[in-house]
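Taken in sequence, the protein lines are chains P and H. Quick note: to get the numbering used here, add 1 to the position in the first sequence (first position is 1). Quick note: to get the numbering used here, add 1 to the position in the second sequence (first position is 1).
One thing to keep in mind: the hints can contain errors.
Calculated cross-link-like contacts (lysine to aspartate or glutamate; reagent style DMTMM-like; alpha-carbon spacing at most 20 Å) [stated by the list, open to error]:
| id | chain 1 | residue 1 | chain 2 | residue 2 |
| --- | --- | --- | --- | --- |
| 1 | P | K65 | H | D179 |
| 2 | P | K65 | P | E121 |
| 3 | P | K52 | H | D62 |
| 4 | H | K65 | P | D187 |
| 5 | H | K60 | P | D7 |
| 6 | H | K52 | P | D62 |
| 7 | H | K60 | P | D187 |
| 8 | H | K155 | H | E101 |
| 9 | P | K60 | H | D163 |
| 10 | H | K60 | P | D163 |
Just so you know, the hints here were simulated from the structure itself, not pulled from any lab data.
Protein chains: 2
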Amino acid sequence: MREPIDFYFDFSSPYAYLASHRIGELAERFGRAVTWRPMMLGVAFAATGGKPLVEIPLKGDYAKVDLVRTARLAGIPFRLPSRFPLATLAAARTYYWLEETSPAAAVPFAAAAFGAFFAEDRDISDREVIADLLAGAGVDAAVGLAAIATPGIKERLRAVNDEAVARGVFGSPFFFVDGEPFWGFDRLPQMELRLAEIAA
Amino acid sequence: MREPIDFYFDFSSPYAYLASHRIGELAERFGRAVTWRPMMLGVAFAATGGKPLVEIPLKGDYAKVDLVRTARLAGIPFRLPSRFPLATLAAARTYYWLEETSPAAAVPFAAAAFGAFFAEDRDISDREVIADLLAGAGVDAAVGLAAIATPGIKERLRAVNDEAVARGVFGSPFFFVDGEPFWGFDRLPQMELRLAEIAA
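When you get a sec, could you build the whole thing from the sequences and use the hints?
Right under this line is the structure:
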């Protein structure tokens, strides 16, 4: 089996949500696994002077048009969240807790968190919503909520943030295929061509 | 005939160069003309807090990888210019002078200026290069170089910049199809789908 595809993202990134609908199937077609790496994009922004799209004049308004159009053309359910952006620290920490303790539940939890935010307009910064998602993944929610407040899990997420910045991640979603970077949902077709070239 | 597609760009934008290779054929397929609108992207950046890609840490380095890859996959000749970015005021003013005085030469001049910069690594901020390109378009270069220093042509470009910002242009290339905005070479497939929907 070839190297996994690294998939860095922030749970508050709508383009990462769109990519989360496609990356599993795309990777599998080329015999690859996917390493999901939720992170705090704000840390990367601090390194690059980037800003959340919605805070940028003109570009933020355009992004809303582009997102709705892109989701429609891709056939992926999407609605603009009424609260945006949200704090995604709890969701990211929960992912790493699951990865350590119930690895089979980690990606389903992440996919459900994305769907809750971008298809169902739920507030994934809310502990109750995180608890619901954990219960949906068949995991003891109380144990999870307690675990994500521990220093070990906080440190795990910090280490991923640092690793992402060190690898040049500056936006979300951000992928690496055998070390080659691909940024954005709109680069999945290029990633597919590259995967095909490598497989040939 | 339907409304023309508006094509705003800065001559220093490599993604606009790539788009310049496709937009004519794409528009024609749907019975549309293209209104080429060279502008000073710096004016839009002043309004949005944007910056040239190459000046942004990490993102600038990634853009070089992405550009070469995107051009290769699209089959468009491209090399990273050795001098970048360049002042594109003279090229933009020359375009508007041609549009007024020799309209049939304006788009061929713009296409040649893009190719000089991004395929042949020539310095299009240089008056000699502009003179060459004018001569190549069958136009008296000395008359052109004199004309672009006149207040009328300067004012024409300023008016386009103002109009672009007023319409929400914040990047290059930037298109409008019946008022709907599309930003980026990578959005041409979406524009094509929209043109097809309108034509249906």
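Against the structure, the hints:
1. With a CA separation close to 18 Å, the supplied pair K65 of chain P and D179 of chain H stays within the 20 Å bound.
2. Distance restraint check for K65 of chain P and E121 of chain P: the Cα-Cα separation of roughly 17 Å lies within the 20 Å cut-off, and the hinted pair is therefore satisfied.
3. Between K52 of chain P and D62 of chain H the CA atoms are separated by roughly 18 Å; this keeps the pair inside 20 Å, and the hint holds.
4. Distance hint between K65 of chain H and D187 of chain P is fulfilled; the C-alpha atoms sit about 17 Å from each other, no more than 20 Å.
5. With a C-alpha separation of about 18 Å, the suggested pairing of K60 of chain H with D7 of chain P holds against the 20 Å cut-off.
6. Straight-line distance between C-alpha atoms of K52 of chain H and D62 of chain P comes to about 18 Å, which keeps the hinted pair within the 20 Å bound.
7. Proposed proximity of K60 of chain H and D187 of chain P is supported: the alpha carbons are some 16 Å apart, at most 20 Å.
8. About 13 Å separates the Cα atoms of K155 of chain H and E101 of chain H, which keeps this hinted pair within 20 Å; it holds.
9. A threshold of 20 Å between alpha carbons decides the hint, and for K60 of chain P with D163 of chain H the separation of about 17 Å falls inside it, so the pair holds.
10. A C-alpha spacing of about 17 Å is found between K60 of chain H and D163 of chain P, which places the hinted pair at or below 20 Å, so the restraint holds.
Of the numbered hints listed earlier, not one is contradicted by the structure.
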